[in-house]
Amino acid sequence: MRRTGGLAILGAVLLAAGVATGDTVSEAQKSVDQRVAAMKEMGGKINEAFQLSGANTADARTKLAAALAIAQSIPSRFPAGTADGDAGVTTRALPKIWSDHAGFQKAADGLAAALKAADAKLAANDSAGADAAFTDVRKACATCHESYRGKAK
Amino acid sequence: MIAVLRWLLVGGIVVAGGVLAWLAWPATGDLDLPAGISSANPGMADRGAYLVRAAACLPCHWDKKNGGQRFAGGRELKTPFGIFYTPNITPDGETGIGKWSDAEFVRALTHGIGRSGEQLYPTFPYTSYRYLKFEDALAIKAYLSTQNAVHHPNRPHALRFPYSWRALVKGWKLFYFNRAQAPADEPRRGASWNRGRYLVTAVGHCAECHSPRDAQGALLADAWLQGNAKGPDGWKVPALAGPGAKEFAGWTGGQIAKYLKSGEEPNFDSAEGPMAEVIAEGTKYLSDEDRLAIAEYLKSLSTTPGS
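Protein chains in written order, with this note's numbering: chain C, 10 to 162; chain G, 92 to 398.
Keep in mind the hints are simulated off the structure, nothing from the lab. Careful: at least some of the hints might be erroneous.
To be verified - Derived Cβ-Cβ restraints for the label pairs, each shown as a range:
1) C:Lys-49 - G:Val-110: 49 to 55 Å
2) G:Ile-104 - C:Asp-42: 41 to 47 Å
3) C:Lys-49 - G:Gly-189: 45 to 51 Å
4) C:His-110 - G:Asn-269: 52 to 58 Å
5) G:Lys-224 - C:Gly-63: 40 to 46 Å
6) C:Pro-104 - G:Glu-185: 42 to 48 Å
7) G:Arg-279 - C:Gln-60: 52 to 58 Å
8) C:Gly-138 - G:Arg-206: 45 to 51 Å
9) C:Gly-112 - G:Leu-311: 38 to 44 Å
10) G:Asp-324 - C:Asp-109: 51 to 57 Å
11) C:Ala-141 - G:Ala-118: 24 to 30 Å
Claimed, not checked - Straight-line C-alpha distance at most 25 Å; calculated SDA-like pairs for lysine to any residue:
12) G:Lys-169 - C:Asp-109
13) C:Lys-148 - G:Lys-156
14) C:Lys-49 - G:Lys-156
15) C:Lys-162 - G:Pro-274
Remember, it's a predicted structure, so these values are computed and weren't measured experimentally. Backbone N, C-alpha and C define an ideal beta-carbon position, used for all residues, glycine too.
Isolated chain G (complex conformation) (with noise of 0.2 Å):
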């Protein structure tokens, strides 16, 4: 009996050691980029610089409220996992991103791995870009590669243990990320209303903070884009889709459309908080069309409950 025991724990402790072991392993593996593509073909930082806005990566990137520089980082994100300070994505070669090869840089966008081969935590909304075009990726490392050089150092994350445990996120990805391809077009629907899923599924990343997370982080499928009570800073965040989605549902398109060029709703009311943030850095920016196109998805969710 005892020597069951012992084997038992000798076991225990072989096992615990492994998936230790196997958690702090770095990643490694490069990404197989298709041949022909890259950052430095012509065009892309302009491509890059429309798609930096329709992914609102400023917002995030900018500690606008203390003075901080354009993509250097350094806001604060409360969660309720602990603060994330968001990193320097300026082209600086020691604190920014500067020294990041293409594939490093796509590797981190879609599979959420840094370029030591540290995992990222899901603050960074790699669920949603794992369904950006590679293209479109190297494009938004173009147009960031243009913009000044900071030396910023990114100040490390003040969360609760043990999400503070960066490696236990190679484990959450197990659970809750797999790096699926995009969802083909679907012929029957317009172009601009797979435009529009484009839009909002992987550059915008709307789910990220339209959708509520389980305890563990992640968003819950089953109610995807159906609002989060807990949203970042502390805003409750409405429901684009479902039950909850009652008052969006009853905008127009074209409201929709309005609303992300100006932040003014139908109600005479205007956008705050995070949105108000999205829209100046962000969808302001944006073509009539891909408004367009993001408000005749979106009206699709509502209309077609449970699609």
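Excised from the complex, chain C in its bound form (with noise of 0.2 Å):
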């Protein structure tokens, strides 16, 4: 009886420590999942469109439409305290972020530049002209991260 009082409260604590763990995640790596998830959506989402264009231009636009409603979003998915080597947050999200906000605007605009042009191509059933547009929508994507995001970890 004794014994199984004892396992009780081994499992009581442990319990405990499982739920007191899964409270530790952060505000600040909230917001870093959450920009995560909404990259990987917005990534999903213009292939989705890719794969469409020239086969199904309305589903396509919407597709992109969709993603660049998420590009619009980025620089306010930034805020501050979230930058790799801030406490309590795994990202791979450079500090220059923050200190050359202007030049990160600058590429989050240009993403949503890339997907105006390549939807505007679509409207336009320029199959040729929206593989291009697509090739600058993924240049624009490597250009932010190439300056603003580290390493994988």
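Both chains are sitting in their own frames, so use the hints and assemble them into the complex.
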């Protein structure tokens, strides 16, 4: 009986510890996780639009519009305290995002512009133009990542 | 009692001395290459040019960032054991591999033993190259011998003790390395799957970065290709198999092949870090068939977990 009681106490302690660990995800980390999910969602939408381009223009444009909405939200997804090196967060976001905010904003604007350009080509049923525009979208992603994203961790 | 202790002490010293002598003793014995194969045979350099790309030799053996010469080594590789500096593999007689015989070269690639019989650290991926066909190893030598000879002395590694003691690698090999024969082709699978397996496991040595290692630096066999949180230069390397490969498992074979050609990921991201170098100096030059073969093999890992 004593042993059972002891096990019960031990279980309760472990459970409490588990809950406590779950609670230690900081607000900053939640913000990081959300923006990572948003970036992945955006990439997925762009790819879907790319796959649909030439086959179903209307659906492709819908996907692209969803991607554009996320792209335009990028600058707001980097609040203070969510840089690599800040306490309580694991992120690839380099401090340069904050120290060179004008450059970061420009890169984000570049992505939005590239997405709009791709949409215009889709709207004009310009298949070759759309392919080139999607290549520019990819370059816009890479431009920002090369300067403002650190090593995978 | 004292006599027994004295004998134990003497015995211990003798055993320890024997182990030390064994460790320090350079490897002897040349490799017996099958008759008729030679790096001097016609066509070998061309064959090697392709394999050097498939093995992505350059990203490691070229200190590009600091203005080094191609294949002259000197690139810094930061690891948990210290810093390794890659060696010069140009045909320079003094500082490169210009004086190496065919047998010495093949022995280094497949057994991890240097020209003087010294042990090579497994940073050099002989744990994968042990599966190389001897002809392929010799073709690589043939191609390297056509490159510019660059006089560039090898820089000694800067490793932590005890890893700095090279002879210990011999003991390490006792536990973690054997010159296993490459697995035979699986007839149930097609030729492209078997080709893909050879490119992934032997030539491309993908597991060396894409698998986790234990505290002794050995690849964890049961987590093969399952990602590596402590990859080269501090990069986390993604899983290509196993439970952590969720994202990769969503890629089609065609998408994998495209990635190996251009670095383009399906989600419009692009290859970065060490993998971008592997693509730029390696997989981008492969044939479409070989890239698809690699993809077919990798896909077979994520669709049948545990195989």
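Cross-check of the supplied hints:
1. At about 53 Å, the CB distance of C:Lys-49 to G:Val-110 agrees with the hint of 49 to 55 Å.
2. A hinted range of 41 to 47 Å for the beta carbons of G:Ile-104 and C:Asp-42 is inconsistent with their spacing of about 58 Å.
3. Between C:Lys-49 and G:Gly-189, the C-beta spacing of about 50 Å keeps the proposed range 45 to 51 Å intact.
4. Checked against the given bound of 52 to 58 Å, the beta carbons of C:His-110 and G:Asn-269, roughly 56 Å apart, stay inside it.
5. At roughly 44 Å, the beta carbons of G:Lys-224 and C:Gly-63 sit within the given window of 40 to 46 Å.
6. For C:Pro-104 and G:Glu-185, the hinted distance range of 42 to 48 Å is satisfied, since their beta carbons lie about 46 Å from each other.
7. Separated by about 33 Å at the C-beta atoms, G:Arg-279 and C:Gln-60 break the suggested range of 52 to 58 Å.
8. Taken as a hint, the range 45 to 51 Å is violated for the pair C:Gly-138 and G:Arg-206, whose Cβ atoms sit roughly 58 Å apart.
9. Separated by about 41 Å at the C-beta atoms, C:Gly-112 and G:Leu-311 satisfy the suggested range of 38 to 44 Å.
10. Our hint of 51 to 57 Å for G:Asp-324 and C:Asp-109 is violated, since their Cβ atoms are close to 24 Å apart.
11. Restraint check, C:Ala-141 to G:Ala-118: a C-beta distance of roughly 57 Å breaks the suggested window 24 to 30 Å.
12. Distance check on the hinted pair: G:Lys-169 and C:Asp-109 sit about 29 Å apart at the alpha-carbon level, beyond 25 Å; violated.
13. The suggested pairing of C:Lys-148 with G:Lys-156 holds, with an alpha-carbon distance near 23 Å, which does not exceed 25 Å.
14. With a C-alpha separation of about 31 Å, the suggested pairing of C:Lys-49 with G:Lys-156 is violated against the 25 Å cut-off.
15. For the hint pairing C:Lys-162 with G:Pro-274, the CA-to-CA distance comes to about 34 Å; that exceeds 25 Å, so the pair is violated.
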